[in-house]
Structure formats: structure tokens, C-alpha cells
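Chain residues, written in single-letter form:
There are 2 protein chains.
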Amino acid sequence: MLLPDSVQNLVNALSRLPGVGPKTASRLAFYLLRAPEDISNDLAQALLRIKTDTTLCQVCYNITSAGNTACEICANASRDQRMICVVEEPLDVLALERTGSFTGVYHVLHGALSPIEGIGPDQLRIRELVLRVRAGGVQEIILATNPSMEGDYTAAYLRQQLQAAGVRMTRLARGLPVGGDLEYADQSTLLRALSGRQEMD
Amino acid sequence: MLLPDSVQNLVNALSRLPGVGPKTASRLAFYLLRAPEDISNDLAQALLRIKTDTTLCQVCYNITSAGNTACEICANASRDQRMICVVEEPLDVLALERTGSFTGVYHVLHGALSPIEGIGPDQLRIRELVLRVRAGGVQEIILATNPSMEGDYTAAYLRQQLQAAGVRMTRLARGLPVGGDLEYADQSTLLRALSGRQEMD
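These protein sequences, in sequence, are chains U and H.
Numbering of the first sequence is given in the working numbering, commencing with residue 2 and proceeding in unit increments.
Numbering of the second sequence is given in the working numbering, commencing with residue 2 and proceeding in unit increments.
By construction, these hints were calculated from the structure, which means they are not laboratory data.
Where hints are given, some of them may not hold.
If chains are identical, the list can't say which one is meant, so a pair holds when it fits in one copy or spans any two.
Within a straight-line C-alpha distance of at most 16 angstroms, the following computed EDC-like cross-link-like pairs (lysine to aspartate or glutamate) qualify [to be verified]:
id : residue 1 : residue 2
1  : K24       : E184
2  : K52       : D6
3  : K52       : E38
4  : K24       : E98
5  : K24       : D93
6  : K24       : E90
Kindly generate the complete structure, drawing on both the sequences and the hints.
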């Protein structure tokens with residue numbers, strides 16, 4: 002090939018990232034070649050530390066710094082431990098925290114049930130959630146898995162698993178996204194927006 | 002912040018890449034957190050080697066493996082050294098090589114003249130090109146800088162600098178891109194396509 006081995010290696014390594022095709026990978030590689038050395042070095046150091054310096058919170062299974070047994074949210078006494086919001090991914094926690102309006106705690110499943118992809122209950126942190134709820138003190142579980150087929154299926158499965166605990170279980174509202182355009186809303190979103198319509202106040 | 006430091010560092014380092022915003026950066030970081038360790042390690046190693054293992058070809062200034070004085074193309078005896086194709090970036094060499102139809106050699110400027118961005122002739126490999134042409138043996142120079150304002154300006158500047166050498170100078174053809182749609186072509190492309198129209202054969 003015309004590329005020097007070290008550049009080709011970088012292109013290959015970058016191509017393995019999600020959403021990065023061969024063209025983007027070579028554009029990034031040539032950018033890094035020309036950019037100040039600390040840009041590639043900082044990235045390399047951050048990559049090398051990412052696995053060793055992080056761990057999972059032993060309460061909610063969100064990502065936290067290595068050495069912590071509980072993450073910042075679980076360790077925060079002002080958070081309402083009686084309300085657990087169940088999400089698929091750590092990024093979902095960030096998205097919900099950005100709203101600034103949820104005062105409870107989380108539980109990160111690390112995925113959703115997907116028979117097609119062969120992801121069953123054992124691959125997710127479902128057993129841990131059941132044990133956590135059984136331990137008591139929980140008043141509400143918000144099943145905030147994605148509004149997708151897998152997310153809905155996972156929420157239904159969780160409801161069935163947690164029913165015996167007698168805890169209130171809710172699901173995030175479906176409807177038109179704020180700033181969206183009714184004209185472009187898909188049929189099922191519009192159907193949910195209609196059936197879930199609310200009184201004007 | 003809610004993210005562990007090591008994750009935040011990775012997000013920051015990824016955000017410095019062109020075309021990677023904060024959202025893409027955190028998506029990539031969380032992907033790397035979950036992915037097998039060798040994906041992040043391979044990328045880190047490739048990043049660390051990119052600067053030390055590459056150098057510029059001392060003939061055409063394309064990227065080549067460290068230790069080489071000439072790149073594969075310049076060192077290839079079957080390439081026609083009498084025809085020099087002048088491009089802005091190493092990626093342009095790859096694009097032209099992919100056509101498989103250019104048998105000459107290259108000269109990489111590493112940018113284009115841009116008075117707005119303060120890029121003058123001294124920041125580019127222009128002096129090296131002039132010396133190379135003056136050394137003799139060159140029959141044609143293809144000014145393959147981008148069909149943009151900066152590229153055109155650079156080509157015009159190079160023509161002026163190289164005029165004394167008495168070498169044929171050409172520019173890549175402008176016109177409708179293959180597979181493109183006449184309806185969507187911009188005015189200046191259409192104008193160039195009209196004025197550069199060719200006999201059907």
C-alpha cells in the first residue's frame with residue numbers, strides 16, 4: 002500500500018470506532034500527522050488509562066473512578082434513594098442528569114434484552130436490580146429504557162420480574178419531541194401523542 | 002462533573018479531533034469503555050507511533066516511513082519523473098493514485114495559500130518545488146490544487162513562479178462530477194462545464 006505502515010495502522014485502529022468509516026479514518030489520521038504532537042499523545046494516554054482508571058459503581062453499575070465502591074450519585078446523601086431510574090447505558094444517566102430535575106438514583110443495565118442479538122437477562126444487570134429492590138426502601142422504579150422494541154421488551158420483562166415487590170413502576174412519557182414538527186412525526190409517535198394527550202393548564 | 006476524570010479526559014481528547022463534537026466524543030468514549038481492551042490499546046499504540054515512525058519524502062514531501070529519504074512513488078523507477086502533479090495534501094495523492102491512471106510523480110505543498118488564514122508561500126513547500134523544477138528534466142507540471150478560491154490562487158501563484166522554467170503547466174479539468182445531476186450543479190460548475198465542453202467521440 003502507498004501509506005506508511007504506521008499511518009495505515011492508525012487508519013485501521015480508527016476505522017474500528019463506531020461511525021468512523023475508512024474515509025473519515027484517513028482524514029483523522031492525516032490530521033493527527035500534521036497536528037501538534039500533544040493532540041495524539043494526550044489521546045493515546047487517555048485511551049491507555051480508560052480501562053484501568055474506571056470501575057462500575059457497586060450500587061447502580063454506572064461508570065465511576067477506580068477505587069470508588071459507589072458513584073457520586075449513589076454516594077450523594079441528598080439524592081432520593083427511594084426512586085430508582087433504570088436506564089440502558091451510562092450515557093442515558095448523563096442525558097437525564099442534564100435535565101437537572103431528577104433527584105432519585107439510577108440503575109444502569111448495560112444494554113437491553115434482544116433475542117435477535119442473543120442478549121438475555123444474564124448479560125444485563127437485571128439480577129442486581131431485583132436484589133436491590135428486594136432489599137427494600139424503594140417506592141418508585143422509572144423504567145427509562147429506550148422507546149424502542151428492545152427497550153419496551155426490557156421494560157416489560159423488568160415489570161414482570163419486579164411485580165412481586167409491590168413497588169410503583171412508571172415509564173417515560175411518549176409523544177411529540179419538543180421543537181419537533183407534527184407533520185414529520187411518525188405514525189406511532191403521533192398515536193402515542195394522541196392517546197397520551199393532556200389537559201391544558 | 003459526573004463523569005470519572007479518566008472518561009472526561011478521553012472525551013476531551015476525542016473532542017479535539019476535527020468533526021468530532023462533544024456528543025460524538027462521549028459516544029466514542031463509552032464505546033471504548035465497553036469494547037475489548039485491545040481496541041483502545043491498539044489505537045493508543047498507533048497514535049504514539051504516528052509521529053516517530055513517519056517522515057516527509059525529501060523529493061515530493063509526501064508522508065513516508067521514517068528512514069526513507071524518498072517515498073515509494075519517487076523511488077519507483079517506472080514512474081515518469083518528467084511529469085509532476087502538485088497537490089495540497091498527502092490525501093490528494095491517495096485520491097489520484099486510486100484512479101490508477103497517473104504515472105508521473107507528485108509534489109505535496111502541505112496546504113494552499115490563504116491570505117485570510119495568514120498562510121504565505123513560506124509556509125508551503127513552494128520553494129522546494131521551484132528548486133526541483135529548476136534542477137531540470139521536468140516536462141509538465143499538473144497544478145492539481147483544489148478547485149477552490151485558495152487552490153486557484155495557489156495555482157496562479159505557482160504558474161507565475163515557475164513560468165521562467167518554460168515547462169508546460171496544466172490544471173485539472175472542471176465540469177460536472179460523474180454521476181452528478183445537472184439540475185443540482187452550482188452556477189460556476191455549470192459555467193465551467195459549458196465553456197469546457199468537448200466533442201463527442
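Quick rundown of the hints versus the structure:
no. : hint         : in the structure
1   : K24 <-> E184 : neither (35 angstroms within a copy, 27 angstroms between copies)
2   : K52 <-> D6   : between (27 angstroms within a copy, 12 angstroms between copies)
3   : K52 <-> E38  : between (23 angstroms within a copy, 7 angstroms between copies)
4   : K24 <-> E98  : between (35 angstroms within a copy, 15 angstroms between copies)
5   : K24 <-> D93  : between (30 angstroms within a copy, 12 angstroms between copies)
6   : K24 <-> E90  : between (29 angstroms within a copy, 14 angstroms between copies)
When the structure is compared with the earlier hints, a violation turns up for hint 1 alone.
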